[in-house]
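Going line by line, the protein sequences match chains G and E. 150 is the number of the first residue of the first sequence in our numbering; add one for each residue after it. 4 is the number of the first residue of the second sequence in our numbering; add one for each residue after it.
Keep in mind that the hints were calculated from the coordinates and are not lab data. Since we're looking at a predicted model, the values are computed, not measured. Do not rely on the hints blindly, as some may be mistaken.
[To be verified] Pairs of lysine to any residue residues, derived as SDA-like cross-links and limited to a Cα-Cα distance of at most 25 Å, are as follows: (1) G:K164 - G:V187; (2) G:K218 - E:S139; (3) G:K218 - E:K190; (4) E:K5 - E:K190; (5) E:K179 - G:V192.
[To be verified] Here are the computed distance ranges between Cβ atoms for each label pair: (6) G:A151 - E:I187: 29 to 37 Å; (7) E:N181 - G:E183: 45 to 53 Å; (8) E:P490 - G:S184: 52 to 60 Å; (9) G:N206 - E:I341: 36 to 44 Å; (10) E:H175 - G:V267: 51 to 59 Å; (11) G:L168 - E:L33: 53 to 61 Å; (12) E:H526 - G:L168: 28 to 36 Å; (13) G:E183 - E:W477: 49 to 57 Å; (14) E:A114 - G:K288: 50 to 58 Å; (15) E:W477 - G:K164: 55 to 63 Å; (16) E:N313 - G:L168: 43 to 51 Å.
Glycine residues also receive a C-beta, built at the ideal position from the N, C-alpha and C atoms.
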Amino acid sequence: MATTKHTLVAIVEDKPGVLNRMASLFRRRGFNIESIAVGHSEVPHLSRMTIIVNGSNAMVEQVRKQLDKLIDVVRVSDITGDNITVRELALIKVKANSATRSEIIEITDIFRANIVDVASDSLTIEITGDEDKIDSMLKLLRGFGVREIARTGRVAMVRGNLGAVPAEEKAARSRAKK
Amino acid sequence: MKKTGAQILCESLIEEGVDVMFGFPGGVLLPFYDTLPQYPQIRHILVRHEQGAAHAADGYARATGKVGVCMATSGPGATNLVTGIANAYLDSSPIVALTGQVARPFIGKDAFQEIDITGITLPITKHSYVAMEAGSLSGIVKEAFYLARTGRPGPVLIDLPKDVQEEQAELHHPGKLNLPGYKIPTKGHPMQIKSAARLINEAQRPLIVAGRGVIISRASAELKQFAETGQIPVITTLLGVGSFPENHVLSYGMAGMHGSGYANKALENTDLLIAIGMRFDDRITGKVSAFAPHARIVHIDLDPAEIGKNVRVDVPIVGDVKAVLQAMHEVIDAGEHIEWIKQLDEWRKQHPLTDIKDSAGLLPQYIIRQLYEATGGEAIIVTGVGQHQMWAAQHYFFNEPNNFISSGGLGTMGFGLPASMGAKVGRPEKTVWCIDGDGSLQMTIQELATLVQDNIAVKIAVMNNGYLGMVRQWQDLFYDKRYVATPLSCPDFVKIAEAYRIPGLRVTRREEVKAAIEQAMEHDGPFLIDFMVEPEENVFPMVPPGAAIAEFIEEPKKEVSTWPRQSTP
Numbered sequence: 150m151a152t153t154k155h156t157l158v159a160i161v162e163d164k165p166g167v168l169n170r171m172a173s174l175f176r177r178r179g180f181n182i183e184s185i186a187v188g189h190s191e192v193p194h195l196s197r198m199t200i201i202v203n204g205s206n207a208m209v210e211q212v213r214k215q216l217d218k219l220i221d222v223v224r225v226s227d228i229t230g231d232n233i234t235v236r237e238l239a240l241i242k243v244k245a246n247s248a249t250r251s252e253i254i255e256i257t258d259i260f261r262a263n264i265v266d267v268a269s270d271s272l273t274i275e276i277t278g279d280e281d282k283i284d285s286m287l288k289l290l291r292g293f294g295v296r297e298i299a300r301t302g303r304v305a306m307v308r309g310n311l312g313a314v315p316a317e318e319k320a321a322r323s324r325a326k327k
Numbered sequence: 004m005k006k007t008g009a010q011i012l013c014e015s016l017i018e019e020g021v022d023v024m025f026g027f028p029g030g031v032l033l034p035f036y037d038t039l040p041q042y043p044q045i046r047h048i049l050v051r052h053e054q055g056a057a058h059a060a061d062g063y064a065r066a067t068g069k070v071g072v073c074m075a076t077s078g079p080g081a082t083n084l085v086t087g088i089a090n091a092y093l094d095s096s097p098i099v100a101l102t103g104q105v106a107r108p109f110i111g112k113d114a115f116q117e118i119d120i121t122g123i124t125l126p127i128t129k130h131s132y133v134a135m136e137a138g139s140l141s142g143i144v145k146e147a148f149y150l151a152r153t154g155r156p157g158p159v160l161i162d163l164p165k166d167v168q169e170e171q172a173e174l175h176h177p178g179k180l181n182l183p184g185y186k187i188p189t190k191g192h193p194m195q196i197k198s199a200a201r202l203i204n205e206a207q208r209p210l211i212v213a214g215r216g217v218i219i220s221r222a223s224a225e226l227k228q229f230a231e232t233g234q235i236p237v238i239t240t241l242l243g244v245g246s247f248p249e250n251h252v253l254s255y256g257m258a259g260m261h262g263s264g265y266a267n268k269a270l271e272n273t274d275l276l277i278a279i280g281m282r283f284d285d286r287i288t289g290k291v292s293a294f295a296p297h298a299r300i301v302h303i304d305l306d307p308a309e310i311g312k313n314v315r316v317d318v319p320i321v322g323d324v325k326a327v328l329q330a331m332h333e334v335i336d337a338g339e340h341i342e343w344i345k346q347l348d349e350w351r352k353q354h355p356l357t358d359i360k361d362s363a364g365l366l367p368q369y370i371i372r373q374l375y376e377a378t379g380g381e382a383i384i385v386t387g388v389g390q391h392q393m394w395a396a397q398h399y400f401f402n403e404p405n406n407f408i409s410s411g412g413l414g415t416m417g418f419g420l421p422a423s424m425g426a427k428v429g430r431p432e433k434t435v436w437c438i439d440g441d442g443s444l445q446m447t448i449q450e451l452a453t454l455v456q457d458n459i460a461v462k463i464a465v466m467n468n469g470y471l472g473m474v475r476q477w478q479d480l481f482y483d484k485r486y487v488a489t490p491l492s493c494p495d496f497v498k499i500a501e502a503y504r505i506p507g508l509r510v511t512r513r514e515e516v517k518a519a520i521e522q523a524m525e526h527d528g529p530f531l532i533d534f535m536v537e538p539e540e541n542v543f544p545m546v547p548p549g550a551a552i553a554e555f556i557e558e559p560k561k562e563v564s565t566w567p568r569q570s571t572p
């Protein structure tokens, strides 16, 4: 079965062990989490997770349903097919000397990234964007020597008025449209 | 007035209707056990191994439909519960497991008898808690019981640090539960029910396969009404045995790896399979690609994650089985499937399960038939795991739900004795027989002492063949009779029973079976019969692993006709 990259958004209760329970499920069903980003949501005591996994539609749907069964998970949606905004933040520490510094700064400007730290032989760049943007900037920077990379993993949001509603609701809605 | 955590725990348990629990004390549970005598409403049954406590709670839950409670101390006590918790998880049995934990300041320090039991049981519990404050206990207990028994039932664990049991707090009566992430589907979607009804009304060869979900949902009456109106034959899974009366004209018994030939033939030939409260375990599907090849499938289950997990489904209905069957009954036509039922009856004649070979030896199937006769089919039968389990499912006929208690999903040897203990405690008015194997019984045989100490009148029938019989059977059929690690040197079970002060009998001949069973039933208290059965008897029919469900092997016929006749000149 063809595997594709899926973007899952989970709203979970802010309780100890939630991440553990979710990770345990992914491990048990043999899934590799490509990235996971966790933070507060708009509702107090609820956290929002964005999980990127690879898998066939059927397998990801099975995991989504299993995740949804966890008591602390309020809802999980697969927003892969939706019109979504995806962002990731990366900090990149790149080697720099007097000869290369200006060229690096130029690249930074082109990508609308920021220099957040300058040291005698390195620069730290902060870049926000989708995966492609960060990857292409990294490609350019590698020539100078990349010392360190820290990436947050992707966070995603559906564009427009719709929120990350459960798939059943969405299915019902699309049925109604037809 | 302030109370200790232990008092709050006891009062919360009573609030949930707990009147019995199975446990084993230990260092960190001393505050609880010291408090327990203040609450004589809670009967505590001391097991001999914590695995027994978990299985007993499970057996209690299955026999009564109520939540079973077990308790173990931290560390090894808690890890000994793990098998029992896993067993309850796989068979959706509602239990609450209470574990002691080291005092809060010691958590995470690898203290004496400290183990991360919530971590260990993460994948085998429906939910779990570490009670970090005495004040939170009443809420936790309420939630735990609610989660264990509602929706798809399952085990819930509460870890209790020692100092939380001692801590003083106000007893808050918990308010409304706040579980925003917990959804219980109730009624099925009306559109889906309508689609299913259309298929049912059109089908020529419809077939119902009923699972444990029917029993959990207490939907046997609805199932019967539904099947009768539609004139739809019914087969069951192993754990669905009893969900539909086996003496009913539409009952075609159990399907699956050791299901009847006619039930499996029905699966192969049906054009519409209505799967109710079951999860398409590999023991019932056989080779998935060849499963119900001509059928469209309607799947009714409470758990959306079971839909489409193993088998493609045409019409999924997520909802409580009872509500869905009621709704569906309203929209189906009165059916008539005379040709199909005639065909099934034909297969029943061609592949009878009821023939027991006319052997001079002592056959386990014969013994189980005798147990059926002696108990009028009304006993609760609890089994271990192995050949005896399959024979019990095949040859005892169950007409009521909750009367067949067996470890299905996990296949836990040793389940029988402690689970029968729990069943008898839960339903003392019933005769409870534990049908066990010599291998299975020895895994939890120490619970004989519990039977005596708490006077739990379980009757035990050991099918003693001197082998780990089911594994030996596979070696016989698929490994060229190389019996590696399956011959079993058994103790004298009658003497063992006597040593525990349980009367026992050994039966070696067919003629003695009836009298022995009667003697056991007349005795007021636990009783053990050691049946020395034919050592190399196999369970048939059998679907070989990896084969399609209709490719079952039947008892070699030659043996049936020649062997006994040779002995009579």
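Each hint, compared with the structure:
1. G:K164 - G:V187: holds (13 Å)
2. G:K218 - E:S139: OK: K218 of chain G and S139 of chain E at ~24 Å, within 25 Å.
3. G:K218 - E:K190: holds (18 Å)
4. E:K5 - E:K190: violated (43 Å)
5. E:K179 - G:V192: Distance ~20 Å between K179 of chain E and V192 of chain G Cα, so the pair holds.
6. G:A151 - E:I187: 29 to 37 Å: holds (34 Å)
7. E:N181 - G:E183: 45 to 53 Å: Distance hint for N181 of chain E, E183 of chain G is violated at roughly 33 Å.
8. E:P490 - G:S184: 52 to 60 Å: For P490 of chain E and S184 of chain G the Cβ distance comes to about 54 Å; the hint holds.
9. G:N206 - E:I341: 36 to 44 Å: 43 Å Cβ-Cβ, so the 36 to 44 Å window holds.
10. E:H175 - G:V267: 51 to 59 Å: The hint (51 to 59 Å, Cβ to Cβ) holds, given that H175 of chain E and V267 of chain G are roughly 57 Å apart.
11. G:L168 - E:L33: 53 to 61 Å: violated (34 Å)
12. E:H526 - G:L168: 28 to 36 Å: This hint is violated: roughly 56 Å between Cβ atoms.
13. G:E183 - E:W477: 49 to 57 Å: violated (41 Å)
14. E:A114 - G:K288: 50 to 58 Å: holds (51 Å)
15. E:W477 - G:K164: 55 to 63 Å: violated (45 Å)
16. E:N313 - G:L168: 43 to 51 Å: Taking Cβ atoms as reference, N313 of chain E and L168 of chain G lie about 28 Å apart, which means the hint is violated.
When each numbered hint is compared with the structure, violations occur for hints 4, 7, 11, 12, 13, 15 and 16.
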